[in-house]
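The task is simple: from the sequences and hints, build the whole structure.
Residue numbers (the working numbering), protein chains in the order written: chain A, 1 to 298; chain B, 1 to 282.
Because the hints were derived from the structure by calculation, they are not lab data.
Remember, predicted model here, so these are calculated numbers, not experimental data.
Accuracy of the hints is not assured; some may be wrong.
[To be verified] Using 27 Å as the maximum straight-line C-alpha spacing, the simulated DSS-like pairs for lysine-lysine come out as follows:
#, chain 1, residue 1, chain 2, residue 2
1, A, LYS75, B, LYS281
2, B, LYS281, A, LYS14
3, B, LYS201, A, LYS14
4, A, LYS280, A, LYS166
5, B, LYS94, B, LYS281
6, B, LYS201, B, LYS94
7, A, LYS126, B, LYS94
8, A, LYS14, B, LYS199
9, A, LYS126, B, LYS201
[Claimed, not checked] Among the chain B residues that face chain A by a calculated CB cut under 7 Å, a handful are:
#, residue
10, ASP98
11, GLY99
12, ALA106
13, PRO108
14, SER110
By construction, the Cβ of each residue, glycine as well, lies at the ideal position given by its N, Cα and C atoms.
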Amino acid sequence: MLEATGLCKNFGGKPALRDVSFRVERGEIYGLLGHNGAGKSTSLGIILGMIAPDGGGVTIDGISVQRHHARALRKVGAIFEAPAFYDYLTGWENLRLLMGYSGGFDAKAAHAVVARVGLTARIRSKVRTYSHGMRQRLALAQALLPEPEVLLLDEPTDGLDPEGIKWFRDFVLSLRDERGMTVLFNSHLLSEVELMCDRVAILREGRRVFEGSVTGLQDGVPVFEVDLEPWGTACGLVHLSGGEILSAGRIGLPVDLDPAAFVETLVRAGVRIRAFAPVKRSLEDLYMEILNGAPSPN
Amino acid sequence: MLFFEQLRGELRKLFARPRTWMGYGAFLVMEAVILIVYKMDGSQRLMRRMVEQNGLDFSTYYSSLTITFTIMLLSMVLLGAIYFALVAGDIVAKENEDGNLRLVFARPISRFRLLLVKYTAVCLYTFSFVFFVGLSGYAMAVAAVGWQGGLFVMEPKMKIFAAYGDWSTGAARLALSAAGIGISMITLSSIAFMFSCFKIKPAAASIITLTILFVDMILQEFPFFKPYQEWFITWRMSSWLFLMENPISWAKIVESYALLFGLNVTLFTMGWLSFQTRDFKT
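This is the structure:
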C-alpha cells in the first residue's frame, strides 16, 4: 500500500536519510522508531511530498508521491505532533477549510466523524480554547474526513495523558479492524509502538538498522531468569546442554531445548531451583541493543 | 467550483484575523480627521484659492466627490501600502511560521494551486479595501458637506487637471479611479506576496516590501532621475490618475497596466518557484 524505496536526503551536506526502504502492507500498522534526528520525520515529510528526496521515492497504492503528489495523497490522512490548526477559527471551520483542499466538504460526514472522535460538544468553539487532547481529536477528525486508506501518525500521543493515549491507541486499532486501514506510526514511545504495531523499522543516523515483526521479537535465544544452587553445577549443566551464561542469574538456552527437560536435568543433578522464569524480550530491549551497537537480529 | 470553495476558505481565514481589520479601522479614523480639517476655515480658504485660480466656482467643487478623491490620492500609497504589505506579507509566511502549512500539505493540493488561491484572496482583499476606503470616505464626506457638487482634480506631479461640474460624471470618474487604484495596488501586494513565499519571517516580507516602495518613491523625487521616472514602479502605479483626464489617455493607461500586469505575473512566478523548490520539515 505504501512503499518507500531507497530514500536519501541531505540537509546542508549532512545526511538525514541514507538509502532507507520499507513497505507497509494494506491493513498493517507499521512503526517507525528512532531517536531524535534519526530520520523519522524526514521520512514522513518525503511521504507527504513536503520534502523532496535527493534519491529514491515513495508510492502510495502504486502512485508516486513525487510525480503525482495530489493524486497520491487522495488516499492519505495525517496527524502531526502538536497539530497547528487555525486557532482563530472554530474546530468546524478548520475542518471545512481543510476539506476544501481534499475535494470538498461534506457536512453530514463531518458530523459523523466529529461524533466518533467525541468532539461534538466543542466543535463550534474556537480552537484556541481547546486542550491538547481535544486538538488531537480534531486532528484525527481532519485526517479521517477524506476517508483515507492510509493514515500517517507523527508522534500523535506526545503530550497526552495516559487516558488519552489509551483512547487514541484503541481508536487507531479499531480503524484497522473495522476499515482495514493502513497505518504508519512514527513514535519514540516504545511501549505504544509495541502495543499497536504489527511490524517496526528502527532508524539510526538516517539508516534503517532493523525491520521485523513485533511478535518476532521473541524469536531469538530464549532467556531465563534463574536462582540456582549450587551455581557452579548449574553453570556446567547450562554449558553441557549448549546454552550460555548471560549474567549472574540469567541464562540463555538453545532454541530446540525444551526448558522443562532442562529443569528435570537440573533436579536430577541435585540443583535446587528457587526461580526459573522466561524473560520476555521487549521492543525496548531490542531498541537499546541496536542503539548501543549490538548486532541486530536481522 | 472547488477553487471557489478553497478561495472562500482563504477569505474566511483572512477576515477572521484582527490584523486584517486594522487597516479598515485606521482609514476610518484618518477619514474622520481629514473631514474635520477640511471643514476648518484655513483649509477651505486654500481650497477656494486653488479652485478659483482655475476659473471655477468654489461652491460647485467643494464637494463630497472632491474630498473623496483627495482622501484616496493622499492616503492610499502611504497608509494603504502598509496594510497591503502586512496582509500579503503574512499570507504564506505566517502560516509557515505557525505550522499551519503542515496540515495543508497533507492534503491532495499542489503548491501552485495553493498559492494561486492565496494570491487571488490577496488581490480581492486589495481591491475591496480600496473600494471600502472610497465608499466610506464618500459616505463621511456626504455627511459633512452633502452629496451634491462636482469633482475637482489637480495633481501637479503627473500633470493631471480636470473638473467635472456634473455629479454623475464626477462620480463615474471617481469609481473608475477606485478601480484603477485597486489594480495598481495589486502590484504592491504582489511584491509582499512574493517575499511571503520565500523562507523569511512574515514581518520581514512586509518590511522589505515597504522598503522597496519607499526607496522607489524617494529615488523618483531626485531631480536627475526625472528623465527615467517611467521606470519606477510607483510612477506606473500612479497611472490610475490618467483615468481622471478628459479625454482619458487610454494608451498611457494600457501601457502602464500591461507593464504592471507583467510585473505581477513575474513576482507570482518567482514566489511560486521559491515555494515549490523548498523543503518543509514536519
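Check each numbered hint from earlier against the structure, then list the numbers of those it violates in ascending order.
Hint check: nothing fails, all pass.
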